[in-house]
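2 protein chains.
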Amino acid sequence: MGKNLIVAQSGGPSVAINATLAGVIAAAQATADIGRIYGGIHGVEGIQAGKIVELTDFHEMEKLKATPAMALGSCRCKLPPVEDRDAPIYQNLKKVFRDYDIGYFLYIGGNDSMDTVCKLAHYFAGEPDAPIFLGLPKTIDNDLPLTDHTPGYGSAAKYLAITMREIIQDTAIYAVPAVTIVEVMGRNAGWLTLAAGMPRFAGGSKPDIIAIPEVPFDEEEFLRQVRETLEHSPNVVAAVSEGIRDRNGEYVGSSAKSGAVDTFGHAYLSGVGKYLEGLVKREIGCKVRSIELNLMQRCSSHLASLADIEESFALGKAGVAAALRGETGRMVALDRLSDSPYSVKLKTVAIEDVANLEQLVPEKWWDLQDPKAIEGIRDYILPLIQGEVPQFRNEYGFNEYISFME
Amino acid sequence: MGKNLIVAQSGGPSVAINATLAGVIAAAQATADIGRIYGGIHGVEGIQAGKIVELTDFHEMEKLKATPAMALGSCRCKLPPVEDRDAPIYQNLKKVFRDYDIGYFLYIGGNDSMDTVCKLAHYFAGEPDAPIFLGLPKTIDNDLPLTDHTPGYGSAAKYLAITMREIIQDTAIYAVPAVTIVEVMGRNAGWLTLAAGMPRFAGGSKPDIIAIPEVPFDEEEFLRQVRETLEHSPNVVAAVSEGIRDRNGEYVGSSAKSGAVDTFGHAYLSGVGKYLEGLVKREIGCKVRSIELNLMQRCSSHLASLADIEESFALGKAGVAAALRGETGRMVALDRLSDSPYSVKLKTVAIEDVANLEQLVPEKWWDLQDPKAIEGIRDYILPLIQGEVPQFRNEYGFNEYISFME
Chain A
1 MGKNLIVAQS
11 GGPSVAINAT
21 LAGVIAAAQA
31 TADIGRIYGG
41 IHGVEGIQAG
51 KIVELTDFHE
61 MEKLKATPAM
71 ALGSCRCKLP
81 PVEDRDAPIY
91 QNLKKVFRDY
101 DIGYFLYIGG
111 NDSMDTVCKL
121 AHYFAGEPDA
131 PIFLGLPKTI
141 DNDLPLTDHT
151 PGYGSAAKYL
161 AITMREIIQD
171 TAIYAVPAVT
181 IVEVMGRNAG
191 WLTLAAGMPR
201 FAGGSKPDII
211 AIPEVPFDEE
221 EFLRQVRETL
231 EHSPNVVAAV
241 SEGIRDRNGE
251 YVGSSAKSGA
261 VDTFGHAYLS
271 GVGKYLEGLV
281 KREIGCKVRS
291 IELNLMQRCS
301 SHLASLADIE
311 ESFALGKAGV
321 AAALRGETGR
331 MVALDRLSDS
341 PYSVKLKTVA
351 IEDVANLEQL
361 VPEKWWDLQD
371 PKAIEGIRDY
381 ILPLIQGEVP
391 QFRNEYGFNE
401 YISFME
Chain B
1 MGKNLIVAQS
11 GGPSVAINAT
21 LAGVIAAAQA
31 TADIGRIYGG
41 IHGVEGIQAG
51 KIVELTDFHE
61 MEKLKATPAM
71 ALGSCRCKLP
81 PVEDRDAPIY
91 QNLKKVFRDY
101 DIGYFLYIGG
111 NDSMDTVCKL
121 AHYFAGEPDA
131 PIFLGLPKTI
141 DNDLPLTDHT
151 PGYGSAAKYL
161 AITMREIIQD
171 TAIYAVPAVT
181 IVEVMGRNAG
191 WLTLAAGMPR
201 FAGGSKPDII
211 AIPEVPFDEE
221 EFLRQVRETL
231 EHSPNVVAAV
241 SEGIRDRNGE
251 YVGSSAKSGA
261 VDTFGHAYLS
271 GVGKYLEGLV
281 KREIGCKVRS
291 IELNLMQRCS
301 SHLASLADIE
311 ESFALGKAGV
321 AAALRGETGR
331 MVALDRLSDS
341 PYSVKLKTVA
351 IEDVANLEQL
361 VPEKWWDLQD
371 PKAIEGIRDY
381 ILPLIQGEVP
391 QFRNEYGFNE
401 YISFME
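In order, the protein sequence lines correspond to chains A and B.
Quick note, the first sequence lines up with residues 1 to 406 if you use the numbering used here.
Quick note, the second sequence lines up with residues 1 to 406 if you use the numbering used here.
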């Protein structure tokens, strides 16, 4: 019997991260080279405190794949520098790895979580009996480098494309001029906002305006576009990233800028959508509404993409295979071989090249009037948002989900 | 060949209102007693201006039933008092009815639209060759009297129940205390917020707090409930109606109350969710987030309830049948015969008893700790949110919708 494996989740949730967990468990169960399978509750924070469940005999894989958020819970925990060898969290982890005879540590997460894997690999390098440390990517933001895309992005993109299509339909019913501003997640990368643009890229005429953080945002130009659109259509729809910035790099609608304060004098936090709503109301004076898609972008499992879920599952299995090959300090990544028919290859990349770095929308896709850019974006996103995931519903018609946190 | 029929839509959209339109068209096509079938674009406002399309040969009923919002467009138009007999809009309508040989006028809408039907019936009463005027209810708010519920409510309720279930799942992953406040549509009636409570009523433990406009809202009591919940669960989830009011009838979080102004001195409009977010941040100091479900509550056709869509379709057909029986100045309504198995009967009611009146949540369902209230609400809502509606998707996987507005 081989060494034991521990798997955990960290960072923000998505609807695909449990599919990767299911892939890890399934692959680990299928090999005699791995003994027991453990799950760490609330990431490294929980593991170092001994919050561990056993998953060796868990078999409800399809239900786990259809469960949004994180069945093992999450944490947001930045490990101390590896030079701080006596830091309690490293000492605690060392003890847990020894107590549980851990040979493989697989961590599913985004940029910050890859920093954790990177530090652990460096910290334990040279230690006798050091476990294998592997990162499995997930983030709806799609902003990890060296991978074609990240698990979770496809499902969030599908939610955005379909919801935008419905919002456009909803706003088209009145003859009176109206502006609808939809705020999409993404502090630095515009990937999700491009997905919200899919109703236009796939043959429609809206959303009229699409603004991503990669391109400096000019309020005058925005107002000009709104006015111009109102000349031929009563309904203007805009999709904007929460992280759009002006030419000086300052967030559009940051509280410093809106200057809004409540009766207590506290700064009034409002998103860019609300800010632009106020701008249009003041400068153009027509009916205007802002919509923040909020958590629904990352938790709407009823709209999960089957392509995303199955790929996330495969990626979990590939993580176990890489671990068994002895790879450590690496992340599993996706290479796209072809858009249509869609085909990807799984590979691993050095975690140092990923941790704390961001992959932004490439400059060739910044001009959203350019037919070549539109074609490129559409061909990139379309295969990621296809297919429906079977739902597990109870007697009331509500989804049943898996949780290991109880 | 009989007289012609005109049908139009008015007020706010829903995902079921086109199913009622489909029912009207289908039933009108099936009888020799009706000649041509017309659709009025943008409600009475468009009809009086001659914006009319012919629907006699339209046959894509299933696609129309799966189209959210309003295929004929909408208006928000309050007719002048009927005593104002020379008002241009009445004169224009009279001419249009004569020009198009209209014998039947069917209007699909909510409270305000029923006011329009009521006024038209009164205005034309006694005129030679006056058309039949009938109202067909729809409103996601479920606040029309004399009908068990309104078409559109079931689909919005399903969106709310499923989305709340997913939000609860999303917020459960961290061990640090956090409060999530979900703001639901409903200025006066709490029907939609009760639907958001379904994950708890159907056997779960959350949302922890549910606040409807019918029950005066006490901020101190709210904070007490949040603190109490935090003692045994790190994640508090609250569902609150946008229209909750304090003991003096003042909207909670009205701008007058928050006093927030921007740099220009304009009042900063924020919903009750944002207001309560600020309150929790200030008074409790933990992580807090508010979510406004916004238009998605009324436009998410991908989550439409089949029960709602088929019932809306049947209601459209019943409207034509009532018109052919010569009923005028009435609205088609639903009588519930049984919760399980679910069974309803279609009837008509006098429009005067409906127009401008509201049906609020009954007092017996105000105490959401009372098991009898919970059972009553659950049995009321459950049959309305069942079943999936077939989707029409194009080559890109996007829904194809019907519009008569082009």
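Hints in this document: simulated from the structure, not taken from any laboratory.
Misleading hints may appear alongside valid ones.
A pair holds if it fits inside one copy or across any two, identical chains being indistinguishable in the list.
The list that follows gives simulated cross-link-like pairs (lysine-lysine, DSS-like), each with its CA atoms no further than 27 Å apart [stated by the list, open to error]: (1) K51 <-> K119; (2) K63 <-> K95; (3) K287 <-> K51; (4) K78 <-> K281; (5) K364 <-> K317; (6) K364 <-> K119; (7) K95 <-> K347; (8) K287 <-> K94.
Structure-based check of each hint:
| no. | hint | in the structure |
| --- | --- | --- |
| 1 | K51 <-> K119 | within (21 Å within a copy, 68 Å between copies) |
| 2 | K63 <-> K95 | neither (33 Å within a copy, 61 Å between copies) |
| 3 | K287 <-> K51 | between (52 Å within a copy, 23 Å between copies) |
| 4 | K78 <-> K281 | between (42 Å within a copy, 24 Å between copies) |
| 5 | K364 <-> K317 | neither (34 Å within a copy, 53 Å between copies) |
| 6 | K364 <-> K119 | neither (34 Å within a copy, 59 Å between copies) |
| 7 | K95 <-> K347 | neither (31 Å within a copy, 72 Å between copies) |
| 8 | K287 <-> K94 | neither (60 Å within a copy, 31 Å between copies) |
Violated hints, in rising order: 2, 5, 6, 7 and 8; the structure is consistent with all others.
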